[in-house]
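**Student:** Sequences are here, hints too, so could you generate the full structure?
Residues per chain, in single letters:
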Amino acid sequence: MNGDATFLGMPAFPANAAVAVRDSQLRYNLRKATHTIRGKRAAAVGELPDWAELRRAGKEIKDHTLRNLERYLVRMEEAVTAAGGHVHWAADAAEANRIVADLVKATGETSVVKVKSMATQEIGLNEALELEGITAYETDLAELIVQLGDDRPSHILVPAIHRNRAEIREIFRERMADWGRAAPEDLTDDPRALAEAARLHLRERFLSTRVAISGANFMIADTGTLVVLESEGNGRMCLTLPETLISVVGIEKLLPSWQDLEVFLQLLPRSSTGERMNPYTSTWTGAVEGQEFHLVLLDNGRTNVLADEIGRQALRCIRCSACLNVCPVYERAGGHAYGSVYPGPIGAILTPQLRGTASKLDASLPYASTLCGACFDACPVAIDIPEVLVHLRGKVRHARVERLGMRAAGWVFNRPARLARAQRLGGRLRRFVPGRLPGPLSAWTDTRDIPDIPPESFRDWWDRTDGGVQ
Amino acid sequence: MRVALFITCVNDTLFPGTGRAVVTLLRRLGCDVEFPRAQTCCGQMHVNTGYPEEGRRLARHFVDVFAEYDAVVAPSGSCAAMVREQYPRLARTPAAAGAPAGEGPPPGSFAAEVAETVPKVYELSEFLVDVLGVTDVGAYFPHRVTYHPTCHSLRGLHLEDRPTRLLEQVRGLELVPLPGADECCGFGGTFALKNPAISAAMCADKVHNVTTTGAEVLCAADNSCLMHIGGTLVRQRAGVRIMHLAEILAATESGDDRTVRG
Ligand code: SF4
Numbered sequence: 000m001n002g003d004a005t006f007l008g009m010p011a012f013p014a015n016a017a018v019a020v021r022d023s024q025l026r027y028n029l030r031k032a033t034h035t036i037r038g039k040r041a042a043a044v045g046e047l048p049d050w051a052e053l054r055r056a057g058k059e060i061k062d063h064t065l066r067n068l069e070r071y072l073v074r075m076e077e078a079v080t081a082a083g084g085h086v087h088w089a090a091d092a093a094e095a096n097r098i099v100a101d102l103v104k105a106t107g108e109t110s111v112v113k114v115k116s117m118a119t120q121e122i123g124l125n126e127a128l129e130l131e132g133i134t135a136y137e138t139d140l141a142e143l144i145v146q147l148g149d150d151r152p153s154h155i156l157v158p159a160i161h162r163n164r165a166e167i168r169e170i171f172r173e174r175m176a177d178w179g180r181a182a183p184e185d186l187t188d189d190p191r192a193l194a195e196a197a198r199l200h201l202r203e204r205f206l207s208t209r210v211a212i213s214g215a216n217f218m219i220a221d222t223g224t225l226v227v228l229e230s231e232g233n234g235r236m237c238l239t240l241p242e243t244l245i246s247v248v249g250i251e252k253l254l255p256s257w258q259d260l261e262v263f264l265q266l267l268p269r270s271s272t273g274e275r276m277n278p279y280t281s282t283w284t285g286a287v288e289g290q291e292f293h294l295v296l297l298d299n300g301r302t303n304v305l306a307d308e309i310g311r312q313a314l315r316c317i318r319c320s321a322c323l324n325v326c327p328v329y330e331r332a333g334g335h336a337y338g339s340v341y342p343g344p345i346g347a348i349l350t351p352q353l354r355g356t357a358s359k360l361d362a363s364l365p366y367a368s369t370l371c372g373a374c375f376d377a378c379p380v381a382i383d384i385p386e387v388l389v390h391l392r393g394k395v396r397h398a399r400v401e402r403l404g405m406r407a408a409g410w411v412f413n414r415p416a417r418l419a420r421a422q423r424l425g426g427r428l429r430r431f432v433p434g435r436l437p438g439p440l441s442a443w444t445d446t447r448d449i450p451d452i453p454p455e456s457f458r459d460w461w462d463r464t465d466g467g468v469q
Numbered sequence: 000m001r002v003a004l005f006i007t008c009v010n011d012t013l014f015p016g017t018g019r020a021v022v023t024l025l026r027r028l029g030c031d032v033e034f035p036r037a038q039t040c041c042g043q044m045h046v047n048t049g050y051p052e053e054g055r056r057l058a059r060h061f062v063d064v065f066a067e068y069d070a071v072v073a074p075s076g077s078c079a080a081m082v083r084e085q086y087p088r089l090a091r092t093p094a095a096a097g098a099p100a101g102e103g104p105p106p107g108s109f110a111a112e113v114a115e116t117v118p119k120v121y122e123l124s125e126f127l128v129d130v131l132g133v134t135d136v137g138a139y140f141p142h143r144v145t146y147h148p149t150c151h152s153l154r155g156l157h158l159e160d161r162p163t164r165l166l167e168q169v170r171g172l173e174l175v176p177l178p179g180a181d182e183c184c185g186f187g188g189t190f191a192l193k194n195p196a197i198s199a200a201m202c203a204d205k206v207h208n209v210t211t212t213g214a215e216v217l218c219a220a221d222n223s224c225l226m227h228i229g230g231t232l233v234r235q236r237a238g239v240r241i242m243h244l245a246e247i248l249a250a251t252e253s254g255d256d257r258t259v260r261g
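Those sequence lines, one after another, are chains A and B.
Once you know that position 191 of the first sequence is 190 in numbering that gives the first Met the number 0, the rest is easy, because the numbers rise by one and skip nothing.
Once you know that position 222 of the second sequence is 221 in numbering that gives the first Met the number 0, the rest is easy, because the numbers rise by one and skip nothing.
No lab work stands behind these hints: they were computed from the structure.
One thing to keep in mind: the hints can contain errors.
Unchecked claim - Simulated crosslink set (SDA-like; lysine to any residue; CA at most 20 Å straight-line):
no.: 1; chain 1: A; residue 1: 31; chain 2: B; residue 2: 182
no.: 2; chain 1: A; residue 1: 31; chain 2: B; residue 2: 208
no.: 3; chain 1: B; residue 1: 119; chain 2: B; residue 2: 55
no.: 4; chain 1: A; residue 1: 39; chain 2: B; residue 2: 179
no.: 5; chain 1: A; residue 1: 359; chain 2: B; residue 2: 189
no.: 6; chain 1: A; residue 1: 39; chain 2: B; residue 2: 182
no.: 7; chain 1: A; residue 1: 31; chain 2: B; residue 2: 181
no.: 8; chain 1: A; residue 1: 31; chain 2: B; residue 2: 179
no.: 9; chain 1: A; residue 1: 39; chain 2: B; residue 2: 181
no.: 10; chain 1: A; residue 1: 39; chain 2: B; residue 2: 178
no.: 11; chain 1: A; residue 1: 394; chain 2: B; residue 2: 89
no.: 12; chain 1: A; residue 1: 39; chain 2: B; residue 2: 180
no.: 13; chain 1: A; residue 1: 31; chain 2: B; residue 2: 204
Said to hold, decoys possible - Examples of chain A residues lying across from chain B (beta carbon under 7 Å, computed):
no.: 14; residue: 13
no.: 15; residue: 20
no.: 16; residue: 372
no.: 17; residue: 405
no.: 18; residue: 409
no.: 19; residue: 418
no.: 20; residue: 446
no.: 21; residue: 460
no.: 22; residue: 467
If you're wondering where the values come from, they're calculated on a predicted model, not measured in any experiment.
We treat Cβ as the ideally placed atom computed from N, Cα and C, and that holds for glycine.
**Tutor:** And the structure:
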């Protein structure tokens with residue numbers, strides 16, 4: 000089970016979303032941010048004549064690797080070990096957290112710096128370390144904003160997308176001193192000033208911390224190499240300065256060879272930040288002289304996802320967040336409504352598969368979509384998100400009243416004569432249909448009128464007029 | 000060529016005028032369309048809400064009803080997309096899914112019948128442009144119109160500019176582009192009931208974009224989306240009416256589209 004305490008106990012998606020849509024500041028922030036990044040991505044993708052082929056190659060490399068995952072994982076382990084690193088296997092969040100906590104304790108340190116990582120958020124590593132007396136410091140600018148604000152991330156790439164500059168200034172002014180170097184007294188909300196305050200705050204942290212924790216965007220099985228793509232350079236600091244580096248990586252992040260990486264170094268930045276190339280790409284293989292390297296390979300539900308023929312395509316995901324940025328539901332609900340570190344369309348198919356659908360929230364996630372297909376179009380590894388959503392909807396437990404309604408509709412549709420009788424009944428009662436419908440149907444008439452029910456159905460018209468001839 | 004009309008349950012029950020318009024239009028183009036009385040529903044609501052068993056039963060029924068025709072015309076992008084995208088998946092047995100790629104479904108199986116029937120199912124504008132080869136259908140409609148492409152027509156069926164090419168040839172019609180046209184209106188079938196707040200928020204933006212065009216008529220090739228946007232337009236007294244593509248294409252100067260208006 001997932002150890003992500005901060006998201007547990009949230010109500011179902013529709014309730015969360017109903018609150019979010021009323022927040023005009025949030026709506027404005029999200030609309031502005033997603034539309035900007037959407038435009039940049041479209042331009043960066045549009046300028047490549049072979050985007051469709053790249054996308055197909057990305058999909059096929061991932062599928063091939065997932066089909067032969069066992070073989071490549073073993074190869075990865077051998078290569079990392081040969082290069083002086085240590086490999087650990089974690090079946091679930093608890094085991095991964097235990098391994099990392101023990102490794103940190105063995106160094107005698109009580110603080111770590113972190114590179115932005117989805118896997119460690121998924122397992123709730125920061126909270127688990129805190130219980131062991133270890134403080135984890137986030138060093139990605141957006142993650143720093145989230146951490147200082149006692150907040151939760153709401154976007155994969157831009158975790159603080161729900162915050163604007165003025166809010167960030169307030170958070171820096173009020174909270175930075177509690178975590179280290181304080182923000183300057185005269186801090187403005189100029190992006191450059193905010194970045195400078197974060198830089199000075201983080202620089203002290205980098206130079207004084209001896210253990211770092213990261214994830215990875217890719218792992219290359221042939222050579223045992225890990226790859227991190229980033230924009231700010233803070234990741235490079237974490238990966239190089241400390242004496243001990245611990246990387247927690249989901250088993251689906253594997254690629255067979257460097258040749259395969261070439262495809263993803265094109266797909267990821269263009270889909271994610273809308274750049275041709277990201278500013279920093281760090282790669283490392285095992286440990287260098289004087290440093291220690293540990294790789295924790297994380298399952299945490301992934302092998303179950305792999306066993307599902309339709310659902311497994313979600314494991315191709317490279318966390319670019321293109322699907323979030325084009326999603327009209329995400330744009331209006333915001334990331335927190337999804338109750339998981341994976342928001343948006345990918346979260347709607349990944350979270351219920353990793354955590355199951357026992358909770359009301361997780362069972363509601365496959366329904367957090369109109370199936371409009373914008374996510375599938377944007378996805379650089381061609382994950383058919385609508386297909387997986389529909390598949391997952393078929394597996395969740397439905398409410399009794401809905402089951403009855405669907406069964407009744409099915410009964411009517413099974414025989415044309417029943418449908419005709421139901422239509423005639425509707426036609427006769429048409430004048431008695433209220434403008435506001437009762438029960439669950441009131442969700443329709445709260446904001447919309449219902450169409451006039453015609454006195455005669457099409458099939459009755461056809462019968463009466465012999466297809467309009469008479 | 001034997002052509003069948005798949006009216007769809009929503010049109011049959013709530014928008015019979017759209018069905019009459021399709022019949023009028025196709026007859027005018029010399030195409031004698033039949034209406035197989037046994038048809039009911041494609042199963043989209045059941046499948047998309049998470050009831051694949053009921054959906055499979057309705058898919059089975061659909062194939063039984065329409066297998067004998069050379070072409071099946073559906074005046075609904077989402078129902079045509081349902082048949083084309085989801086029927087092959089519904090028919091796929093676990094054994095067939097594991098079969099090596101390139102091998103067709105076993106002969107005589109439901110999957111084989113689906114593979115036979117599905118390619119003969121056309122959305123209306125596909126049938127007009129690709130099968131009949133017309134873009135000027137002889138229509139007259141002197142009004143300012145904006146067109147909403149709808150998600151399943153756009154990204155599922157890839158109708159591209161077929162509907163607007165048809166509209167551009169309509170005499171008297173002024174077609175104005177809809178800002179943010181490719182964005183979903185927020186209907187999504189039972190999504191409108193399960194996530195009403197988001198659905199309404201999405202529709203608010205769609206309606207805003209529609210009214211900024213100054214159009215009198217919002218046109219689409221799918222009455223389900225139109226029911227949702229139209230219901231909001233009426234509630235807001237926005238003064239824009241909805242019309243299915245078929246209803247505009249059936250309209251003529253001589254008014255021989257009387258059956259359409261009923
Ligand atoms: S599902 Fe596709 S688009 Fe969404 S984050 Fe993953 S790779 Fe990117």
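**Student:** Hint residue 405 of chain A vs chain B: min CB-CB distance below 7 Å?
**Tutor:** For residue 405 of chain A, the interface hint holds, since the closest Cβ of chain B sits about 5 Å away, which is under 7 Å.
**Student:** Quick one, is the residue 372 of chain A hint okay against chain B at 7 Å, beta carbons?
**Tutor:** holds (4 Å)
**Student:** With the threshold set at 20 Å, check whether the alpha-carbon distance from residue 119 of chain B to residue 55 of chain B stays at or below it.
**Tutor:** OK: residue 119 of chain B and residue 55 of chain B at ~19 Å, within 20 Å.
**Student:** Is the Cα-Cα distance between residue 31 of chain A and residue 204 of chain B 20 Å or less?
**Tutor:** Holds. Residue 31 of chain A to residue 204 of chain B sits at ~14 Å (cutoff 20 Å).
**Student:** Between residue 39 of chain A and residue 178 of chain B, does the CA-CA distance stay at or below 20 Å?
**Tutor:** Holds, at about 19 Å.
**Student:** Given the hinted pair residue 39 of chain A and residue 181 of chain B, is their alpha-carbon gap at most 20 Å?
**Tutor:** holds (17 Å)
**Student:** Tell me if the interface restraint on residue 446 of chain A is satisfied: Cβ within less than 7 Å of some Cβ in chain B.
**Tutor:** At 4 Å from the nearest chain B Cβ, residue 446 of chain A passes the 7 Å test, so the hint holds.
**Student:** So, residue 418 of chain A near chain B? Judge it on the closest CB pair being under 7 Å.
**Tutor:** holds (5 Å)
**Student:** Please work out if residue 39 of chain A and residue 182 of chain B have their alpha carbons no farther apart than 20 Å.
**Tutor:** Holds. Residue 39 of chain A to residue 182 of chain B sits at ~17 Å (cutoff 20 Å).
**Student:** Mind checking the alpha carbons of residue 31 of chain A and residue 179 of chain B for me, to see if they're no more than 20 Å apart?
**Tutor:** Answer holds: residue 31 of chain A to residue 179 of chain B is near 15 Å, not above 20 Å.
**Student:** If you draw a straight line from the CA of residue 359 of chain A to the CA of residue 189 of chain B, is it 20 Å or shorter?
**Tutor:** holds (18 Å)
**Student:** With a cut-off of 7 Å, does the beta carbon of residue 467 of chain A approach a beta carbon of chain B closely enough for the hint to hold?
**Tutor:** Holds: closest Cβ of chain B sits about 5 Å from residue 467 of chain A, inside 7 Å.
When held up to the earlier numbered hints, the structure conflicts with none and fits them all.
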